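So you can see what is in the structure, the chains are spelled out below.
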Amino acid sequence: GENVEQHPSTLSVQEGDSAVIKCTYSDSASNYFPWYKQELGKRPQLIIDIRSNVGEKKDQRIAVTLNKTAKHFSLHITETQPEDSAVYFCAGGGGSARQLTFGSGTQLTVLP
Amino acid sequence: EAGVTQFPSHSVIEKGQTVTLRCDPISGHDNLYWYRRVMGKEIKFLLHFVKESKQDESGMPNNRFLAERTGGTYSTLKVQPAELEDSGVYFCASSQDQGQGNNQPQHFGDGTRLSIL
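These protein sequence lines map, in sequence, to chains A and B.
When we follow my numbering, the leftmost residue of the first sequence carries the number 115, and every step to the right adds one.
When we follow my numbering, the leftmost residue of the second sequence carries the number 4, and every step to the right adds one.
Note that these hints are calculated values from the structure, not bench results.
In the EDC-like style, the derived pairs of lysine to aspartate or glutamate whose C-alpha atoms are separated by at most 16 Å in a straight line are: (1) A:K185 with A:E170; (2) B:K44 with A:E119; (3) B:K18 with B:E88; (4) B:K47 with A:E116; (5) A:K156 with B:D113; (6) B:K47 with B:D59; (7) A:K185 with A:E116; (8) A:K182 with A:E170; (9) B:K47 with A:E119.
Label pairs and their in silico Cβ distance ranges: (10) B:P84 with A:N167: 45 to 51 Å; (11) B:N105 with A:G169: 14 to 20 Å; (12) B:D100 with A:H186: 28 to 34 Å; (13) B:S56 with A:E170: 35 to 41 Å; (14) B:R67 with A:K171: 38 to 44 Å; (15) A:L154 with B:S56: 32 to 38 Å.
From a predicted model like this one, the values you see are computed outputs, not experimental measurements.
Positions of the beta carbon are idealized from the N, C-alpha and C atoms, including for glycine.
All chains should be modelled from the sequences, with the hints used to inform the complete structure.
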């Protein structure tokens with residue numbers, strides 16, 4: 115089955131700096147890669163997703179890149195703000211599997 | 004549009020007791036998933052319904068867990084009897100109909116925090 119690894123587990127950045135979170139996956143059949151943001155005590159919220167026919171996708175201050183050959187994808191947050199502080203999860207899915215396989219999460223702290 | 008709703012938000016029970024969690028997906032979403040996050044680890048898949056049918060239950064830990072989705076609307080997840088290692092946050096997610104090889108975004112509920120004493 116699919117295995118998704120996520121790094122780093124914790125990340126602290128100064129407000130205004132950029133943050134990058136990286137994930138790798140094992141199943142070459144996976145073709146859908148969402149990112150979720152989970153604030154303390156709240157539900158995981160989908161913030162951006164990318165499909166394997168695309169190499170990069172942007173939405174305002176967030177972007178995701180995908181390298182199918184190397185089987186890794188990354189989340190980039192620019193101009194970070196304190197409200198970006200949360201746990202971020204990457205996930206992989208698709209192919210024969212409809213369920214998502216999640217990474218272990220990254221606790222992002224944006225320092226004012 | 005109402006999002007995915009889960010009940011209860013928190014449940015505290017003793018080892019050996021039974022607990023039933025409920026999930027109401029977004030209206031019109033055929034796909035319903037149960038996931039679990041144990042002790043700050045990754046969110047792990049439990050099972051997937053398409054309408055009332057179990058599509059994949061490969062993530063269910065053991066036969067103490069029983070999920071149903073009668074009528075293809077809301078779903079319940081029953082744990083009987085509960086053990087200490089069942090503690091965690093149980094999430095439900097739903098998505099629209101998926102064409103072949105085309106995952107649709109999954110929308111999560113707030114989760115049920117289950118504590119087994």
